[in-house]
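Please model the complete structure; the sequences and the hints are all you need to start from.
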Amino acid sequence: GNSVTQMEGPVTLSEEAFLTINCTYTATGYPSLFWYVQYPGEGLQLLLKATKADDKGSNKGFEATYRKETTSFHLEKGSVQVSDSAVYFCALTGQGAQKLVFGQGTRLTINP
Amino acid sequence: GAGVSQSPSNKVTEKGKDVELRCDPISGHTALYWYRQSLGQGLEFLIYFQGNSAPDKSGLPSDRFSAERTGGSVSTLTIQRTQQEDSAVYLCASRVRADRTDTQYFGPGTRLTVL
Chain A
19 GNSVTQMEGP
29 VTLSEEAFLT
39 INCTYTATGY
49 PSLFWYVQYP
59 GEGLQLLLKA
69 TKADDKGSNK
79 GFEATYRKET
89 TSFHLEKGSV
99 QVSDSAVYFC
109 ALTGQGAQKL
119 VFGQGTRLTI
129 NP
Chain B
2 GAGVSQSPSN
12 KVTEKGKDVE
22 LRCDPISGHT
32 ALYWYRQSLG
42 QGLEFLIYFQ
52 GNSAPDKSGL
62 PSDRFSAERT
72 GGSVSTLTIQ
82 RTQQEDSAVY
92 LCASRVRADR
102 TDTQYFGPGT
112 RLTVL
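From first to last, the protein sequence lines stand for chains A and B.
Position in the first sequence counted from 1, then plus 18, gives you the working numbering.
Position in the second sequence counted from 1, then plus 1, gives you the working numbering.
By construction, these hints were calculated from the structure, which means they are not laboratory data.
Cβ coordinates follow ideal geometry from the N, Cα and C atoms, glycine included.
Mixed in with the good hints, there may be bad ones.
Some chain B residues close to chain A (C-beta under 8 Å, calculated; not the full set) [stated by the list, open to error]: (1) His-30; (2) Ala-32; (3) Tyr-34; (4) Phe-46; (5) Tyr-49; (6) Asp-57; (7) Gly-60; (8) Leu-92; (9) Thr-102; (10) Gln-105; (11) Pro-109.
See the structure below:
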């Protein structure tokens, strides 16, 4: 079945550091890929998405590129802020499916 | 416009009792999903509704769990004879249509604690 694997957390960085959160997936065909973020005390919200190979999703300075050859969708940001502290979830919807399959989440803490 | 709303925000119940959790999707969204977020299992799909089609119940963990969607809008997730392992945050999401590329919009969740 479809699955998503994210890098283990927690991740702690200093403000203005470069961020990468790795995400790889297993799926048949061409899934749609998503990054969701959960800020403290809030619900899940979409951060960015990509629906076909080589697409780049971007939002709020975050980027992720859909890499079919490496089955990856790594999340990057050039300069993180304290306000980026949250839990980040990589997810996919498989071809012919409707449900989201999530990775285990990565807790990110940014220190000033 | 308003987002997905869920009620109650918190529910504490005793083992063996039944609970009902409510979800109001975004107006006009035809697809509705329930997920569960727990420490041990992460985020898991439970059930999916699309229009008048039969729901996809493939994620329900046992026959104690059921859900319905009335009038193509509000949905209720019912857990009968609750167990401690049912303690989790139950999330509802809706989507404009049944297109897997579309964004699912999540509600704030109901935190269920079974004592």
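How the hints compare with the structure:
no.	hint	result
1	His-30	violated, 13 Å
2	Ala-32	holds, 7 Å
3	Tyr-34	holds, 7 Å
4	Phe-46	holds, 4 Å
5	Tyr-49	holds, 5 Å
6	Asp-57	holds, 7 Å
7	Gly-60	holds, 7 Å
8	Leu-92	holds, 7 Å
9	Thr-102	holds, 4 Å
10	Gln-105	holds, 6 Å
11	Pro-109	holds, 4 Å
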